[in-house]
Each structure stands twice: as C-alpha cells, then as structure tokens.
Amino acid sequence: MFNKLFKKSKNEEELTNNQEEVITKKESEDTNDISDDNIEQSKTGFFGRLKEGLEKTRRGISDKVDDIIKSYQKIDEELFEDLEEVLIMADVGLETTERIIEDVKDKVKERKLTEASEIKSILKEELKEILEDVEGKSKLNINPSPAIILVVGVNGVGKTTTIGKLAYRFREEGKKVLLSAGDTFRAAAIEQLSEWANRANVDIISHSEGSDPAAVIFDGIQAAKARNMDILICDTAGRLHNKKNLMNELNKIFRIVGREYPNATKEVLLVVDATTGQNAVMQAKVFKEACNITGIALTKLDGTAKGGVIFAVQSELNVPVKLVGVGEGINDLQDFDPENFVDAIFPE
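Under the numbering used here, the residue at position 52 of the sequence shown is numbered 186, and the numbers go up by one with no gaps.
Worth double-checking, as some hints may not be accurate.
[Stated by the list, open to error] No farther apart than 25 Å at their CA atoms in a straight line, the calculated lysine-lysine pairs in the BS3-like style are these:
{"id": "1", "residue 1": "198", "residue 2": "254"}
{"id": "2", "residue 1": "271", "residue 2": "204"}
{"id": "3", "residue 1": "258", "residue 2": "185"}
{"id": "4", "residue 1": "400", "residue 2": "386"}
{"id": "5", "residue 1": "258", "residue 2": "198"}
{"id": "6", "residue 1": "241", "residue 2": "208"}
[Unchecked claim] With beta-carbon atoms standing in for the labels, derived distance ranges:
{"id": "7", "residue 1": "239", "residue 2": "322", "range": "25 to 35 Å"}
{"id": "8", "residue 1": "332", "residue 2": "356", "range": "47 to 57 Å"}
{"id": "9", "residue 1": "193", "residue 2": "386", "range": "42 to 52 Å"}
{"id": "10", "residue 1": "246", "residue 2": "399", "range": "46 to 56 Å"}
{"id": "11", "residue 1": "215", "residue 2": "319", "range": "18 to 28 Å"}
{"id": "12", "residue 1": "419", "residue 2": "346", "range": "26 to 36 Å"}
Derived from the structure by calculation, the hints contain no laboratory data.
Here a beta-carbon is modelled for each residue, glycine too, at the ideal position from N, C-alpha and C.
Please build the complete structure, drawing on both the sequences and the hints.
Here you go:
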C-alpha cells in the first residue's frame, strides 16, 4: 500500500537542489484579504473560525475515520490498515503515520479495547500528543521587549501576509511595531509589505529593489532602537537558488542581529504553505539546516483537505508550530493550540 501511496513527485526529488521548483504558481502574494471588511473580528469567534477553516481537512480525516469505524465491529489489523491509508492521504506523512498507528495499537492493547467505536477517541488522544510532544513552547517568543521576529520561507507561501497580520495584531494589542522589508529581490515585495504596513498603521524601513537584504535589516534594527520599538518584524528574501545561497544570506543577517541587537528577544519564524503537502515538510527541513528555526507558521490550511501535514511538520522537525492560517481575513492567523486544533478536526 505504501508504495502506491508514496511515489515521490518530481518536485520532491528536486527540492533540495532547486527551491524554486516548490514556489507556488503565482509569483506575488494576494493582498485582497486586507480589505476593511476583513478587519472586523469574526462573529463566530476564534474556535469557530478554526473549525470553518479546517472544514476540508475534517472531511478528509474525521469523516473518513467515521466511515471506517462504521464498517467494522471489532478492532482488527484491516481496520488499522484503513486508518493508515486515511492519514497518509491527508498528508500526515509515512513516518508520522507509522508512529501514530503503532502508538494507537499499543494503547488499544494496554486498555484491552475490542470495539471499533472506541478507536476514534484513542486516535484523537494520540494526535494531540504528537502535536504537544515537541521541544519549545507553542507561543511566539516576544517577551521581554524589545523583540525581533525574522520571517523566512520560499516565495508564495504567505510571508508578506503573515507579517502584515502579525503587525496588525500586535498594533491592536498596543505594542509599537516596525517592519523591515528585507525581501528585496521579489518583484513588488516591498510595495506589498508597505501596503500591509499602511493597513496595520505601523512604520516600515525599506530600500530600493535589489538592495542587500542584510543592509535593510541593519537599518531596521537601528530605527527600532532609536524609536524604542517593542517589536521589529523582518521579511527576508525567498528567492533561493540553492541551500548554500540560503545559508550565506541568512547567516549574514543573523550576524548583524547578534551584533546590533544582542539583547533583543529573538524569534525565527518559518512560513510554510499547507497546500503544498509533503513539500512543506521538505522546505522546513532545508531551512532548519540553514538556520535555527524557533517556530513555524502554517498558512492556507483552509485551502486544503490535507491539513494533516501539520502533524508531519511538527513531528519530523521537532520545531513547534506557533501560528496557523485558517482563512483570508486579517484575524484568521491564529495562535496554534494543539487541543483546539484536533478538536476542530474531530468535533464531538
């Protein structure tokens, strides 16, 4: 079964050699989601928005698990094989799926369970443990101030949108926020981030297109210190030709941050696109090799039925998911809560 389900795509095979292969088809990020109508808080609340945003994933996992359970009376090996297939098709990943199924089997044996109807609660329990079993905290590390957030990731994953929504949130919380437009290579990146800065009512430091990203970060740090800012959020270039270029560019930026802002609380946030499935895992692995990632923002979960990739990303990298994007609204970038996330996929 695994051989049928897990043939590597051409993109997966070429990813580590050429990151441009995994960039989504549209070259610039959509900024239509920053309209005034979307600034209003959703009346359904955060958990309600999470459930709505995960609707496709819920249909891809929970509904199929329910169908499997209904077709079995007793727990047997065939039931476990069907559960494996559901998880793999939801992009949970082969390695993580095997771990989940083995742990579920162990719990079934320990608790002497025999009825198929008892499997769902055990599976939910295991999925929550997978998301909670990771080093580090799941909240953004921005205290004490001043804090600097370096946002990394390939083009098209939603870096600019994530930065804009974070800036808006922090500004609403009463924090003084400054943006630094370090993605100087992608066409219109500076203009798009400037539009977000305007929408969030925060200042931005930028240079001309094609400038040295590290120089922009340097100026951003100097401005943040001079203006006594609480949080500096830095965009970084996502046009990557190979891993060596990535490492060199990020290392230069980190040296500047270490030298010019040594006392700042630091967060290195990797943005990955959930709709890219296992490519999101591979992107994360490359960036983890290039820099010390402290957290992950998983975007566009509302656009895929394969939101199970979150389990693979967190389990295989041992880096906490800290933010999830579950819609286009400015309030749809949420702090990640493992229990709420699984409950949204498996509602009572």
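Now the hints, each set against the structure:
1. The suggested pairing of residue 198 with residue 254 holds, with an alpha-carbon distance near 11 Å, which does not exceed 25 Å.
2. For the proposed pair residue 271 and residue 204, the alpha carbon gap of about 38 Å is over 25 Å, so the pair is violated.
3. Simply put, residue 258 and residue 185 have alpha-carbon atoms about 16 Å apart, close enough for the 25 Å limit, and the pair holds.
4. For the hint pairing residue 400 with residue 386, the CA-to-CA distance comes to about 16 Å; that is within 25 Å, so the pair holds.
5. Restraint check for residue 258 and residue 198: satisfied, since their Cα atoms lie roughly 14 Å apart, inside the 25 Å limit.
6. Between residue 241 and residue 208 the CA atoms are separated by roughly 15 Å; this keeps the pair inside 25 Å, and the hint holds.
7. As the Cβ distance of residue 239 to residue 322 is approximately 51 Å, the hint placing it in 25 to 35 Å is violated.
8. One distance hint, 47 to 57 Å for the beta-carbon pair residue 332 and residue 356, is violated here, with the actual separation near 22 Å.
9. Range check, residue 193 to residue 386: about 45 Å between beta-carbon atoms, so the 42 to 52 Å window is met.
10. Taking the beta carbon of each, residue 246 and residue 399 are about 49 Å apart, inside 46 to 56 Å as hinted.
11. Restraint check, residue 215 to residue 319: a C-beta distance of roughly 47 Å breaks the suggested window 18 to 28 Å.
12. Here the CB-CB span from residue 419 to residue 346 is close to 27 Å, well matched to the stated 26 to 36 Å.
Checked against the numbered hints given earlier, this structure breaks hints 2, 7, 8, 11; the rest are met.
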